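J.: Spelled out, the chains give:
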Amino acid sequence: RKEVEQDPGPFNVPEGATVAFNCTYSNSASQSFFWYRQDCRKEPKLLMSVYSSGNEDGRFTAQLNRASQYISLLIRDSKLSDSATYLCVVNTPYNYGQNFVFGPGTRLSVLP
Amino acid sequence: DTAVSQTPKYLVTQMGNDKSIKCEQNLGHDTMYWYKQDSKKFLKIMFSYNNKELIINETVPNRFSPKSPDKAHLNLHINSLELGDSAVYFCASSQVSQNTDTQYFGPGTRLTVL
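Chains as they are written, first to last, in our numbering: chain R, 1 to 112; chain E, 1 to 114.
Only chain E is shown next, with the shape it has when bound in the complex (with noise of 0.2 angstroms):
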């Protein structure tokens, strides 16, 4: 069983497309984020949720949107893409307690704008 989903694994797309990546956990983890990792390999936070209430965003651009249908699922929305927003996304969910705040990833989203 995966404990976190996230599809597509890759997205080609034009520039100035929308798009979404979908982010799923089996884990009961209360707390789900997105990162972004560039081609320079450095793994950026961009959003976590908890309780459907996001408590991190990042300078991230208004482009990009995170919703969150309900505890389980973290699902990532990005309008008019660019060249830039080229780059592996990670889902990753962890549960907000003192002994275990291990954060779980999934296998990543490699996202390609043309």
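So that you can see chain R by itself, here it is in the shape it has in the complex (with noise of 0.2 angstroms):
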């Protein structure tokens, strides 16, 4: 089983849909947890931090479930601007630093 795993994708939505992602990682002692973003040919850049208790930043929403080592983002009032590849992130401890394993990604592709 892979480290972290997300929806293959591609997600092909029309402007102001919701659209809704899912992550999974297999390592329990991971602590902390993140969504980046990734236009194409540029590098990736954090959208958002996860917390357990969830967290909201505009039309975005992050849920952590640690009981099922689960995370998500949901999207509301799909933009244009919003196309790109989403990029589940899971940090866990590893000796003095920190182990940062990306998942493979999802594409997001906001339709007019």
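FYI, nobody ran anything at the bench for these hints, they're computed from the structure.
Take the hints with a grain of salt, since some may be wrong.
Distance condition first, Cα-Cα at most 30 angstroms in a straight line; then the derived DSS-like pairs of lysine-lysine [to be verified]: (1) E/K9 to R/K42; (2) R/K42 to E/K44; (3) E/K19 to R/K42.
These numbers were taken from a predicted model, which means no experiment stands behind them.
Each chain sits in its own coordinate frame; assemble them with the hints.
T.: What follows is the structure, given as structure tokens:
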């Protein structure tokens, strides 16, 4: 089983739609969780951290279920500019550092 | 001001050559990383350096050697380049602490081996 798995995608949705991405991780020692966004031919950029209580940032809501080792990202009222690949990232402490493991990504295309 | 910078942005070279990619971060972070993103877009960690010590070294061929002259720099040297090394290489940095472990990425170096 891969350390971090995501919905395979791609997701093609109309503007204004609500879309949800799912992610699962295998290492129960993982301590922090993130969603990154990567535009075509660009570097990954942090979209939001994911906290145990769930968190919201505008149209974006992230949820974490430690018991099920499951993370989700909900995007409401999709915009054309939301088109990108969304990467689930899990951080597991490793010796004196950190091990950031990236999922394979889920591509989103928001259509006019 | 660019937080994490890489040079060069594009690198085209012949098989068998030796090349280096440079990375610098001005965020004061104590951990730096190199990632490889291949044609399938899967981002895989290659190396991680914390306070000038290698702490993660995944199954990367020993033709790849990271070099960190100081905390702000982590360069990647590649010997005897192969076709399969063609990919985008991203440098990143983070601060090892409980509340601020976000990674910041450089713009990437697109390596093409002919």
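J.: The structure should be examined with respect to each hint, and the outcome stated for every one.
T.: Now the hints, each set against the structure:
Among the hinted pairs, E/K9 with R/K42 is consistent with the structure: their alpha-carbon atoms are about 11 angstroms apart, no more than 30 angstroms. A threshold of 30 angstroms between alpha carbons decides the hint, and for R/K42 with E/K44 the separation of about 16 angstroms falls inside it, so the pair holds. Simply put, E/K19 and R/K42 have alpha-carbon atoms about 22 angstroms apart, close enough for the 30 angstroms limit, and the pair holds.
Figure legend: structure checked against the earlier numbered hints; every hint is met.
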